[in-house]
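Asker: If you want the building blocks of each chain, they are given just below.
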Amino acid sequence: DAKTTQPNSMESNEEEPVHLPCNHSTISGTDYIHWYRQLPSQGPEYVIHGLTSNVNNRMASLAIAEDRKSSTLILHRATLRDAAVYYCILVLSSGSARQLTFGSGTQLTVLP
Amino acid sequence: GAGVSQSPSNKVTEKGKDVELRCDPISGHTALYWYRQSLGQGLEFLIYFQGNSAPDKSGLPSDRFSAERTGGSVSTLTIQRTQQEDSAVYLCASSPGVNTGELFFGEGSRLTVL
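In the order they appear, the protein sequences are chains P and D.
Using the working numbering, read the first sequence as starting at 652 and increasing by one per residue.
Using the working numbering, read the second sequence as starting at 167 and increasing by one per residue.
Check the hints yourself; a few may be wrong.
Restricting the straight-line Cα-Cα distance to at most 20 Å, the calculated cross-link-like pairs of lysine to aspartate or glutamate (EDC-like) are [stated by the list, open to error]:
#1 P/654 to P/682
#2 P/654 to D/180
#3 P/654 to D/268
Residues of chain P clear of chain D, computed beta-carbon distances all greater than 12 Å [stated by the list, open to error]:
#4 661
#5 664
#6 667
#7 677
#8 703
#9 705
#10 715
#11 719
#12 720
#13 723
#14 754
#15 761
#16 763
Hints were generated in silico from the structure; no laboratory data involved.
In this text, all values refer to a predicted model and were calculated from it rather than measured experimentally.
C-beta: ideal position from N, C-alpha, C; glycine also.
Just chain D, same shape as in the assembly:
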């Protein structure tokens, strides 16, 4: 597909379990972002990857959260020992990496922690 693809679209898990969320960015886009959005709230920045540079992890809320980007393409956001406050929509976005700031967002992965 031409757009940013995220999976799963919905995930229900029990408190304490680990979850992995996947993002396939647009082909050729060097920049990749993860955000999360709690119900009725704005977007909260989590992490940013740009090419081969060290990622900007300044938005990760705790050490239970981590993300990888393999081969400069697919990214996985991992949440360990999930808590109820982790329930949110996790959005991935990619951009060409040139300083345009135009992001292309996926549909998001809705995480519900029971």
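So here's chain P without its partners, still in its complex pose:
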């Protein structure tokens, strides 16, 4: 199964951009790259996903390397409310079932 590797923790100053990296060197051709985040005492929340092209939505941007072996989640202006654990995951397909495998994620701390 393809896995992802993320730094355990990162810090950012409020109102500055944040670049959260993710390595997925064993990604297969049809795996989508998804990002979720989990605020304290809450369930995970979908952030963004992509396949090959860079993606933008109201929450963030996703930059995907040309070889798809890595990606970066970009928060353009971090706020205190963005402090959370960010998970980079791959959508796996296995026969008729499908499961999303979450790693340990990156704990983002936003400093005022």
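Got chain P sorted already, so can you dock chain D onto it with the hints?
Answerer: Only chain D this time, still in chain P's reference frame:
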């Protein structure tokens, strides 16, 4: 409500007792997942339901764990003869079932086994 609803939000039980955790997915979502999260850990996949297909039970840690999904909607996760290591937050998620991978999570049920 519009989101995934889980109950109870908190459950304290004694070792050896059985517990049931309930999940009401978003209406119309055909895929339903159960995960658990121990303190300070990432999410651990437990089981996956998709429509009328046989569930993927590959993540269930032991035969004390089972789950049902009735009528393609509500799901119940049952843990028999609970152990202290079962203490965790149990998270339910649903998705439209189309291959988007976007999951909508509930707030979770926190289980404490004394």
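Asker: If a hint holds in the structure, say so; if it doesn't, say that too.
Answerer: A quick look at each hint next to the structure:
1. P/654 to P/682: holds, 11 Å
2. P/654 to D/180: violated, 37 Å
3. P/654 to D/268: holds, 18 Å
4. 661: For residue 661 of chain P, whose nearest Cβ neighbour in chain D is about 16 Å away, the distance exceeds 12 Å, so it holds.
5. 664: holds, 25 Å
6. 667: holds, 27 Å
7. 677: holds, 18 Å
8. 703: For residue 703 of chain P, whose nearest Cβ neighbour in chain D is about 15 Å away, the distance exceeds 12 Å, so it holds.
9. 705: The assertion about residue 705 of chain P holds, with a minimum of 18 Å to chain D.
10. 715: holds, 15 Å
11. 719: The claim stands: residue 719 of chain P keeps its Cβ more than 12 Å from every Cβ of chain D (closest is about 16 Å).
12. 720: Holds: least Cβ distance 19 Å, greater than 12 Å.
13. 723: holds, 19 Å
14. 754: Residue 754 of chain P is in fact no farther than 12 Å from some Cβ atom of chain D, at 6 Å.
15. 761: holds, 20 Å
16. 763: Nearest chain D Cβ is 24 Å from residue 763 of chain P, so the label holds.
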